[in-house]
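Participant: Letter by letter, the chains look like this.
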Amino acid sequence: MAAQYYLQKRIIGAFVDFIPHGETVDALTTSPTVIPDEDPEENWTDYNMGCAQDVQFESETEDDEDYCPALTGGYSKTITRTTVRDEIIVTLKDPSEPVFRLLFGLNQKLTGATGQQPFENLGDREITGWLRLRGIGAAGSTTETLANVKVEVKMRISDYPGWTKDATKPVVAFEVISNSFNDLIDDGVLAA
Amino acid sequence: MKKTAKKTDSQPLKVVEKPAEPVLVKVEILVHRTKVGSCICAKGAVLPLPKEQADALVSAELAKIIGI
Chain S
1 MAAQYYLQKR IIGAFVDFIP HGETVDALTT SPTVIPDEDP EENWTDYNMG CAQDVQFESE
61 TEDDEDYCPA LTGGYSKTIT RTTVRDEIIV TLKDPSEPVF RLLFGLNQKL TGATGQQPFE
121 NLGDREITGW LRLRGIGAAG STTETLANVK VEVKMRISDY PGWTKDATKP VVAFEVISNS
181 FNDLIDDGVL AA
Chain C
1 MKKTAKKTDS QPLKVVEKPA EPVLVKVEIL VHRTKVGSCI CAKGAVLPLP KEQADALVSA
61 ELAKIIGI
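Protein sequence lines correspond, in order, to chains S and C. If you're matching positions, the first sequence starts at 1 in the numbering used here and goes up one per residue. If you're matching positions, the second sequence starts at 1 in the numbering used here and goes up one per residue.
Chain C on its own, in the form it takes in the complex (with noise of 0.2 angstroms):
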């Protein structure tokens, strides 16, 4: 039996685009018992954070920006 190939409709490629992943930047809290996301800070810790959550911070005067 004769084998015969199918005709597939060819199909634009689908450009997949992935979400941009978030800036990160590193800050300073600077009050004993910050409250970020689920976790308590102490004065002093340095962690990175998405830049929306760390203005937030320093906007409380909670935290500053030392660095990226």
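So that you can see chain S by itself, here it is in the shape it has in the complex (with noise of 0.2 angstroms):
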């Protein structure tokens, strides 16, 4: 029997799209419903936050403990876990306007144009959209796709490190929403 793990030992470099809801891809309007394909491939790249410096990932568990009275004495733990939350956390080496648009607290995309009221959305500042990350091993794109996956998120702010005289790099972080257009393809790990 061949082995089943395809080990190797790679540096993965990530790539992320993000596109938010009400956005127009070829004459359609983006939302829950209506995912872009990749034809042409810049109905993604067009929206493209930049240099990832850094892609981790998080999930939220939740633990509930069970102790059971065993026929041979004594208890016996079990732990029954859910995940309840997924999130991807990125850190960027550019600020860009979705960033700027939930750092001022802001109900519509920047215009550049219309002046609009900073910190009113006092809500939750989110964005939701359509999130494309794909991991690259060393061999590139064409050979070494290792992971293309394309979820619904909602984009906040992690962590702003503020106005200093150092380049300033936002870490935001996609929150994982369940939908049925959710989609991994992962050829590049068995192919590799």
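No lab work stands behind these hints: they were computed from the structure. Take the hints with a grain of salt, since some may be wrong.
Unchecked claim - Derived lysine-lysine pairs resembling DSS-like cross-links, with alpha carbons at most 30 angstroms apart:
#1 C:K14 x S:K109
#2 C:K26 x C:K51
#3 C:K26 x S:K109
#4 C:K26 x S:K154
#5 C:K43 x S:K154
#6 S:K109 x S:K93
#7 C:K64 x C:K26
#8 C:K35 x S:K154
#9 S:K109 x C:K43
What the hints assert, rightly or not - What follows is a list of derived Cβ distance ranges for each label pair:
#10 S:Y5 x C:V23: 51 to 61 angstroms
#11 S:Q56 x C:E61: 39 to 49 angstroms
#12 S:T168 x C:E61: 51 to 61 angstroms
Here a beta-carbon is modelled for each residue, glycine too, at the ideal position from N, C-alpha and C.
With the hints as a guide, bring both chains together as one complex.
Facilitator: Okay, structure coming up:
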């Protein structure tokens, strides 16, 4: 029987594209029920968030503990763990329009022309949309796209380092929303 | 020096015709993962589409017209 785990040392680069709901792609408005495809590729890359320096995956779980008596005496503990939330945390090199939109609590995207009231959004400062996260191995995207994940998400600012003499590198969190269009293509893991 | 106004030939006004805007109709997608243009649509998605594109989806039984 052949080895099943496709072991290989890998350096993985992340590429992040985020299309907020309400954007127009090929004359259609994106929404939870309308997702752009990759033909042409620019449908996604036009919404690239720039250099992703670091990507972390976090899951939030809740545990329920039970102590059950054993016929041989004593009790044994079992834990029922439920995953209640998944987040993808990305450290970006460049602040971008959605980051400033969230930072200033705006209800609309920045237009560059019409003024908006800052900090008007007193609710959850988030942008829902479609996230495409690609993990590319050292051999490049043609042969080593390890994962191409498309998921509906809520984007929030996780950490904003402020305005100082140093370059501002925002950290954003993408909370995954359950959607039947959520998709993972993982061919690169098996082929490389 | 005496200035003289230049005579210009009067030209007939050109009538600029605007291209007719496509008639949009509202359709509801009937089949999950229906491809419309560069997007993929879920069952139940409601979209405004040009009439020709809507008719093509309706004839393929992928959508129904629900309004204009």
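Participant: Starting from the hint list further up, note which numbers the structure goes against and sort them upward.
Facilitator: 1
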